[in-house]
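Protein chains: 2
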Amino acid sequence: MSDQRILVTYLTQAKDLQKKAEGIAVGMTVGSWTDLPAAKQAELQPYLGEAAGVTPLETLPNGDTRGLVTVSYPTRNFTVDIPSLLTGVFGKLSMDGKIKLVDIQLPDSFAAGFPGPKYGIAGVRRLTGTHGRPLAMSIFKSCLGMPFDDLKTQFRAQALGGLDLVKDDEIFFADDKAPFYERIKAFRHISAEVAEETGKQVLYAANLTGPVTELVERAKRAVEAGAQCLLVNVLPFGFDILHRLAADPDITVPLMAHPALAGAFYPSPDYGIATPLLLGRLMRLAGADLVLFPSPYGNVALDKTEALQLANNLTAANATLKPSFPVPSAGIHPGLVPQLFADFGVDQVVNAGGGIHGHPGGATEGAKAFVAAIDAVVAGRSLQEAAEQSPALAAALAKWGK
Amino acid sequence: MSDQRILVTYLTQAKDLQKKAEGIAVGMTVGSWTDLPAAKQAELQPYLGEAAGVTPLETLPNGDTRGLVTVSYPTRNFTVDIPSLLTGVFGKLSMDGKIKLVDIQLPDSFAAGFPGPKYGIAGVRRLTGTHGRPLAMSIFKSCLGMPFDDLKTQFRAQALGGLDLVKDDEIFFADDKAPFYERIKAFRHISAEVAEETGKQVLYAANLTGPVTELVERAKRAVEAGAQCLLVNVLPFGFDILHRLAADPDITVPLMAHPALAGAFYPSPDYGIATPLLLGRLMRLAGADLVLFPSPYGNVALDKTEALQLANNLTAANATLKPSFPVPSAGIHPGLVPQLFADFGVDQVVNAGGGIHGHPGGATEGAKAFVAAIDAVVAGRSLQEAAEQSPALAAALAKWGK
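Chains as they are written, first to last, in numbering that gives the first Met the number 0: chain A, 0 to 401; chain B, 0 to 401.
None of these hints come from the bench; they were simulated from the model.
All figures in this text were calculated on a predicted structure; none of them were measured in a lab.
Some clues are possibly wrong.
Unchecked claim - To list a few chain A residues with every Cβ distance to chain B over 12 Å, as calculated:
id: 1; residue: R65
id: 2; residue: E169
id: 3; residue: P293
Said to hold, decoys possible - Only pairs whose alpha carbons sit at most 25 Å apart, straight line, appear in this in silico SDA-like list of lysine to any residue:
id: 4; chain 1: A; residue 1: K176; chain 2: B; residue 2: G26
id: 5; chain 1: B; residue 1: K199; chain 2: B; residue 2: F340
id: 6; chain 1: B; residue 1: K401; chain 2: B; residue 2: S381
id: 7; chain 1: B; residue 1: K151; chain 2: A; residue 2: E42
id: 8; chain 1: B; residue 1: K97; chain 2: B; residue 2: D302
id: 9; chain 1: A; residue 1: K39; chain 2: B; residue 2: G353
id: 10; chain 1: A; residue 1: K398; chain 2: A; residue 2: G361
id: 11; chain 1: B; residue 1: K97; chain 2: A; residue 2: G353
id: 12; chain 1: B; residue 1: K39; chain 2: B; residue 2: N61
id: 13; chain 1: B; residue 1: K219; chain 2: A; residue 2: R217
id: 14; chain 1: A; residue 1: K97; chain 2: B; residue 2: T304
id: 15; chain 1: A; residue 1: K176; chain 2: B; residue 2: P106
Where a beta carbon is used, it is the ideal one built from N, C-alpha and C, also for glycine.
Given only the sequences and the hints, what does the whole structure look like? Please build it.
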């Protein structure tokens, strides 16, 4: 591994991109170079970054060039964790004018030190007994302040629609009315009852909260309490806790990464971290089995090229990392399922909140509409055709259109 | 506390800012409101956010208004930690178009649940025996790949100049040539020797790295090994680990927060988190005794108004939180000390890397030049005047000017 390099790509602007790349390569590794005595240079050479490529994109009014620069870093400069990577390739550099971190490509030997998804797409399909079609997930309409009984009713209603997954609202931290472990036990019981009735097992993703130093222990206790999946606000807590949860053999449930706070990083063209890296590569590396991200549809739409690249980073073949389930979210209604299928394929989770709870017939009908739409698309039938057999889908299409 | 409110201010744009504020207030708390039955409304009312104010700044070409909106959230919606706050007030909202998180104001009763700085400005002054003047700190020129003996030599040279603090390079994660605990022991020994010689005690800030789940334990072991201060890359690891380190009574050393990765959050006018909140309020709340941030000088300059607001958030009187030491960094040389003093006052740490190691006479002379400049400014003397008694300062002024 010692001679392996990590390739890091930045979007930036400068009079001379090549010089900029060389400045980053030195400044982010050994700090200075030309003024070092030869003996010192020989000693530090193995730690020296190198300019590995420049792609000019446009000439700016001020004469500067805007473009991509790639710098290669020796893997020996890093410990095998995301804080080390982010600090080492973008820490102080992030504050050095207009520069956006676009990609980090790790050699397999280095990536192998990361846990990656514990279950991955195949594992989550096994747990949900869902094959050959996208999964369907629902988000609680609202959790905060809701009486426990209301949440139980909401959970049952969603589960009865034949969904594969139901997740907590990510802002559900103050849960004194429906405490974490009690919620897990109660919903596990309800999902068993529903499975009796419908034959379909639904996984409940409980929002893992608490001090970052206690999350591993709380996750283990959650598993003992019957948890089937855990939702993690990865960015507010930091990538490394996802890494540690994924690496712990006692946490025997899939981990679902919520993108909360991601908008503080990715939307600017000049600053931050691009989504395919932030919510794609890094989430998979750290061990998310499922990753939510803004869909390229709806009113909080993500750029479509970025969304597809993000999904590709989650699913592309990798020597040591299992693939993660892409979960394009926000603005999803049954009429969008053909578009989702065309864009993200069979290995995705169709995830909706308002598109389920806002169904004229309620959450159960809303869930049924999604299941019907997914079955239709996989079978190559049109939604209109399927709506003839599914009043739930017909009602959804009538409300939201195609 | 149950009736206390948290005031959150955003910079955003909309056709109608008041409507936007109301949408955020509902969307980030109970999710929906007008369509709820009266009984449900009564039940959720205590959790409902409220629009608390709007400040239009400009009308945009498209007719929208750009401005500040303030939303008040009940403290009961949150657990007492920064991941809960950031997820609850900005999690999904960060992905909802052009919006920047500008400020979070906590009622004292809620802020009291956070540790805040363990030592604060008075405590760090006590530990360094430094009163009535800004402190002086130096950063290792380079750590990565350096032989242990070179680092010892570098440390001694900096310490001999009469500095109050010397810190690791923040990218120093892969430290096999000079392991964390061994480094702490060795530098503690050297600083004792230097204190014998100069009568001045220097604190060494060691870069705390490792799995986030082990940082508390590693910090305790570091203290046992003789650590005097710990450097933490707060943003790459997440705010909550700083909170837990600060709250642990066994970690009896000041915590120094490095701003690595901050540039991924603050520079965009439309997105992210403003520095006075990110590196000011939140760092203090979580427990940083010293906070580095980009100075308003030099080539990676922070906007001056923001830098001053940031420093004010670190030092302003607070019912329960000790003040944190502002450490305006980057581009600092002795000629800037009068400007630093005018801008940030006596309670700051003057921090330099190149401005010390780049001194024609070496690091010791570089450190002496800063100490002389600080003493002069506090005594109301000009640098030129002081340079007559300090060849080190004279040489620094000759190289870097005033």
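Status of each hint after checking the structure:
no., hint, in the structure
1, R65, "holds, 16 Å"
2, E169, "violated, 6 Å"
3, P293, "violated, 5 Å"
4, K176/A - G26/B, "holds, 20 Å"
5, K199/B - F340/B, "holds, 22 Å"
6, K401/B - S381/B, "holds, 10 Å"
7, K151/B - E42/A, "holds, 16 Å"
8, K97/B - D302/B, "holds, 20 Å"
9, K39/A - G353/B, "holds, 18 Å"
10, K398/A - G361/A, "holds, 13 Å"
11, K97/B - G353/A, "holds, 22 Å"
12, K39/B - N61/B, "violated, 39 Å"
13, K219/B - R217/A, "holds, 23 Å"
14, K97/A - T304/B, "holds, 20 Å"
15, K176/A - P106/B, "holds, 23 Å"
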